[in-house]
Structure formats: C-alpha cells, structure tokens
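Engineer: Let's have the full structure, built from the sequences with the hints guiding it.
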Amino acid sequence: MKATVASFFLLLLAFQVALAAPEVTIKVLEKGEGPKIESGMVAVVAYKLTLDNDLIVENRSKRDPFRFVVGQDGIIPGFSEAVIGMQIGERRMARIPPELGYGPIDQGVIPGDSFLNFEVELLQIKTDHDHDGDGLQDHADEEHGDHDHDGDGQPDHSEAEHVGHDHDDHDGHDHNGDGIPDHEGDMSKKLRDVEYLNKRHARDLVTPAMFEYLIRDFFTKPWRYEDGPVKILKATAKVMLAFLMIAVLAYGAYRRKLWTL
Amino acid sequence: MRAVVALTKLNLAGSLRRQIHLATLLLALLLMGLPLYVHQFSLGTNGFSRVSTDFGLTIMNFFAVGLAIFVTSSSIPRELENRSVHTLLVRPVRRYQYILSHFVANITILGASLLLLGAAFTTALAFMTGKIDLSLLVAVYGFFLQGAVITAVCLAISTKASPALTGTAGAFVYLVGILPQAFIRFFLVEDRDSPFSAGFARLLKSIVPDLSLFNLKDAVVHQLYYNPLYPVSMTLYAMAWVAVSVLIATFLFGSRDL
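First to last, the protein sequences are chains A and R. Position 210, counted from 1, in the first sequence is what my numbering calls 210; the numbers after and before it change by one each time, with no gaps. Position 126, counted from 1, in the second sequence is what my numbering calls 126; the numbers after and before it change by one each time, with no gaps.
You may find that some hints are simply not true.
What the hints assert, rightly or not - Lysine-lysine pairs mimicking DSSO-like chemistry, simulated, CA-CA at most 27 Å apart: (1) R:LYS205 to R:LYS160; (2) R:LYS205 to A:LYS238; (3) A:LYS36 to A:LYS48; (4) A:LYS238 to A:LYS48; (5) A:LYS257 to R:LYS160; (6) R:LYS160 to R:LYS9; (7) A:LYS221 to R:LYS205; (8) A:LYS48 to A:LYS62; (9) A:LYS48 to A:LYS27; (10) A:LYS27 to A:LYS62; (11) A:LYS48 to A:LYS31; (12) A:LYS62 to A:LYS126; (13) A:LYS221 to A:LYS62; (14) A:LYS48 to A:LYS234; (15) R:LYS131 to A:LYS231; (16) R:LYS205 to A:LYS234; (17) A:LYS238 to A:LYS221; (18) R:LYS160 to A:LYS238; (19) A:LYS221 to A:LYS234; (20) A:LYS231 to A:LYS221; (21) R:LYS131 to A:LYS62.
As the list claims (entries may be wrong) - If you want the ones that stay clear, here's a sample from chain R, every Cβ over 10 Å from chain A, calculated: (22) ARG50; (23) PRO180; (24) ARG202; (25) ILE248.
Rather than coming from a laboratory, the hints here were simulated on the basis of the structure. For each residue, glycine too, the CB sits at the ideal point set by N, CA and C.
Structural biologist: This is the structure we're talking about:
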C-alpha cells in the first residue's frame, strides 16, 4: 500500500515537473522604493542583455533608457514578467527561458533556444497614457490639440492631410508606435513561427543572408564581450610565447654566427 | 639608443623629402570639410552626425593602413637598392639599431598623421554639433595600434622582399587580419558548409595578427558600451606583435649578405 501511495506521489511529481510552465528566474540586486509597477503601466528602464556565453547583446544605459508598456505586444513576455512588481531604483537580474524569450529560431546574433540574462533597473513609472512617449500625458496632448499617437512629432491630422493614406495614424491604432498597426500586432510572433515563415517564403525577405551576416558581425565584435580584455590577454600570451621561441632560435643561430646583430 | 635616435631623425627627414606630410595635410583639410558636406544629406534627421563620424573614421582607418604599408614597404628595399645602407652600416651602427630606427620613424609618421587627422576631424565635428567629443580619439588610437602592427610586419617582410611584394603581403595580412570570425562561421561553415575552407581561413587567421581587435569604430560611432580595460589589452596585444615582428626583422636582416 505504502509503495502504491509513494509511486502515485512520485508520478504526480514527475508530471508536475514535466508540465511545469517555464518561469523567469528573478534575483533582486538592489531594492527600490515607491509604488510597484503593474501590467499596462509605462516603464522606463535601463538594462543590459547578455547570453550565457557572456556576449553583450544590448546595453541601454540610463542616458538612453528603454520605454515600454508592460505586458504589451511586441515585447518578449519574459521581459514584462521580469519587470512587474519592481519599484523605482530597483535593480534585478532576470534569467528568461527561451519559451518566454525569442523562442527556437535564431534572432540575428541570438541563437534559437537561448536563455536571456537581463540586468534591469527601473528608472521611472508612468501611470497614465503617454503613448507617443513625448513626456506629456495623452490628455495633455489632447488639450493642446496634439493627436500624435505615433510620437513622430507630426500631429495625426497633419499626417493624414499631407501624407494621405496613413490609416494607422489616422485611426490611432498603432499605440506602441512600432509602425505595425495593432491588428497586425502579433507580427513579431509570426516572424518567429517557422511554419508561417516557410509558408510565406518570407524568411529570405526578413533576414536576407547579407543583412543577417552584418547584424551578426556587428553583435559579435570583440569589444562587445565583457570578458573581451581577458580573451585578448590570452591571445597576447600566445604571441609572447612565440616571441620567446623565436628569440631562443635566434640566439642559437647567433651563437653559431649565422647572423649578426 | 643615441644611434637609434639619430637614424630615426634621418629617416624622418627622408619622409619629409618624400612629402608624405603634404598628403596628410590634404586629407586633414578634406576631413574638416567632410561633416559639413555629409550633413547636407541629413534632411533634418536627428543624430546624423553619426554618419559623418562613421565616414571620417573609415577614411582615417584606410589612410592609416595605406600609410603603414606604403611607407614601410619601400623604406629598407630602397636603401638597399641605392646602396645608401652601406654608408650607414660602416659606421658604429648595429643592424638591429638600423631596423629599430626604421620602425620608430615609420610609427612616428603614422602617429603624427593620425593625431593631426583626429584633431582636425574632432574640431570639425565640434563646430557642427556644438560639443567636443573626444571619445572618437579612442577609435583613432585603435587605428594607430593597427598601423603599428602592420608597419612591424611589413618591416620584417621588406628585409627580404621587394617593395611590390612587401606591399602585396602587407595588404594580404591586413585583409586576413580584419576577417571577422562571424564571416568564417556564417559564410564558410553555415552557408557553404565547407569545413576545408573554414579550416584554411582559421589557419591563416592564426598566423597573422588579429587586426579586428583594434577596431573600436562602431562602439565609438554608436556610443556603445565596451569594457574600459579593452584599450589597455589591445595595446598589450599590439606590443606583443610588434616585438615578434621586429625580432624577426632583425633576425632576417642580420642573416642577409650586404
């Protein structure tokens, strides 16, 4: 009987492990203060994204922070999850599994199925709607007659008048200002879907070889690695070893008067 | 040491006679006008000064490589050809001092030229953007180190080869040296699936200096983060290659019948 119960619990545990949803692992590096950020709020963050091989993929400093609506489309789900609950000034180290990151397909320099390590610091929280990111709340923009949802500095009506058929702006359905209308808001997800890409034959259009190479080259420059100096010092040690070997050979030849100083 | 300084001065005077400084001055003038010219295509875009910076630094990079190969490939062979080397070596001058003086003279020309070009370009950008950005001098320093390594390698080759062969070999070293690992991996391994070509490319890369380490241009242009110790480590790497190349040059020149 005991064995049956134990087996049952073991089986249950195995099922739980197998079915466990991928989770973002969060470690608080520095505590913050003030209200906590929730989904739907606008977060202004500085972050550094690295892969497990120490490659720095992106570094947004406090001077050039990243602003986004927590939980919106177009942001990888794990990143929103990592930020939710943060207070201003808080620093976190978040490890995002591929299921909540970029998935199984290579994204430029990020290989498929990569874990993403974000060191993120919350700089500001904007609770109201400032979709165009100009620092003014939308109602303030409205008061001033600024219907500029895409934040390009041109009021929407002026774009509609001068540009003509920019239905996206005209209808105001591009709230995240990514240039993709909201009804196609899941485009970024589609671009990571192998079947979709194969069916559309779009992969070559999205990442033509040369373009992909240039991105990969740009992101794998030696200076991008945090441990770049260590790697260079190792290479330097090899060169110095070669120097010593040549010096010994040269000295031997000098003793035999095969050359002169 | 005194002999090296005296010979270096002699070589520098020779370079002045060949009017290399005029080419540098001309390019400096061009670089000063470049931001204004490129800015005409900005169409009011913000941050267009990055394009100017990228253009200017690329020109300086190629100038440094060209100068290193051009000046070094001809200096020793010319003296051997017109036999002026004999008038020097009959004096109390050792052969290694002769090689060392050529190296010091050539990197002095390179350093002075890059300093002039960097200052001219920084001034021109400061006029355009209203702020002085000295960070681009780090990229210029990288070009200098790259040029110093190419100079040393070309010097070693030129002790045995003609100027044309040295120039070609110098260009070869440069092209292999800047070949990024991403290129080998992407085109030769993944795209072409050619392990032989990839292996050959890696072998070539392992015997020449890795010049891609000296390129901080993108980091400077886009103001991206890099480890502050990076310039220090690349300096040590350059010094190691210079030491090896000058040693080989001394050895080859010392074993040559004059």
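Engineer: Taking only the CA atoms, is the gap from R:LYS160 to R:LYS9 under or equal to 27 Å?
Structural biologist: Satisfied, since the Cα-Cα distance of roughly 24 Å is no more than 27 Å.
Engineer: Run the C-beta distances from R:PRO180 to all of chain A and say if the shortest one exceeds 10 Å.
Structural biologist: The claim breaks: R:PRO180 does not keep its Cβ more than 10 Å from every Cβ of chain A (closest is about 5 Å).
Engineer: A:LYS48 and A:LYS27 were given as a pair; does the straight-line alpha-carbon distance stay at or below 27 Å?
Structural biologist: Answer holds: A:LYS48 to A:LYS27 is near 15 Å, not above 27 Å.
Engineer: Measure nothing beyond the straight line between the CA atoms of R:LYS131 and A:LYS231; if it is 27 Å or shorter, mark the hint as holding.
Structural biologist: The given pair, whose Cα atoms are some 35 Å apart, is violated under the 27 Å limit.
Engineer: Tell me if the straight-line CA distance from A:LYS238 to A:LYS48 falls inside 27 Å.
Structural biologist: 32 Å, violated
Engineer: Hey, does R:ARG202 actually stay past 10 Å from chain A on C-beta?
Structural biologist: It holds; R:ARG202 is separated from chain A by about 14 Å at its closest Cβ, greater than 10 Å.
Engineer: Check the hint pairing R:LYS205 with A:LYS234 against an upper bound of 27 Å on the C-alpha distance.
Structural biologist: 16 Å, holds
Engineer: Measure nothing beyond the straight line between the CA atoms of R:LYS160 and A:LYS238; if it is 27 Å or shorter, mark the hint as holding.
Structural biologist: Roughly 26 Å separates the two Cα atoms, so the pair holds.
Engineer: Checking one constraint from the list: CA of A:LYS48 to CA of A:LYS31, max 27 Å. Satisfied?
Structural biologist: Given that 27 Å is the threshold and the Cα spacing comes to 18 Å, the pair holds.
Engineer: Can the restraint linking R:LYS205 and A:LYS238 be considered satisfied, given a maximum Cα separation of 27 Å?
Structural biologist: Holds. R:LYS205 to A:LYS238 sits at ~14 Å (cutoff 27 Å).
Engineer: Take a quick look at whether R:LYS131 and A:LYS62 sit within 27 Å of each other, Cα to Cα.
Structural biologist: Holds - the C-alpha atoms of A:LYS62 and R:LYS131 are around 20 Å apart, at most 27 Å.
Engineer: A:LYS62 and A:LYS126: Cα distance at most 27 Å?
Structural biologist: 16 Å, holds
Against the hints set out earlier in the document, violations occur for numbers 4, 15, 23, 25.
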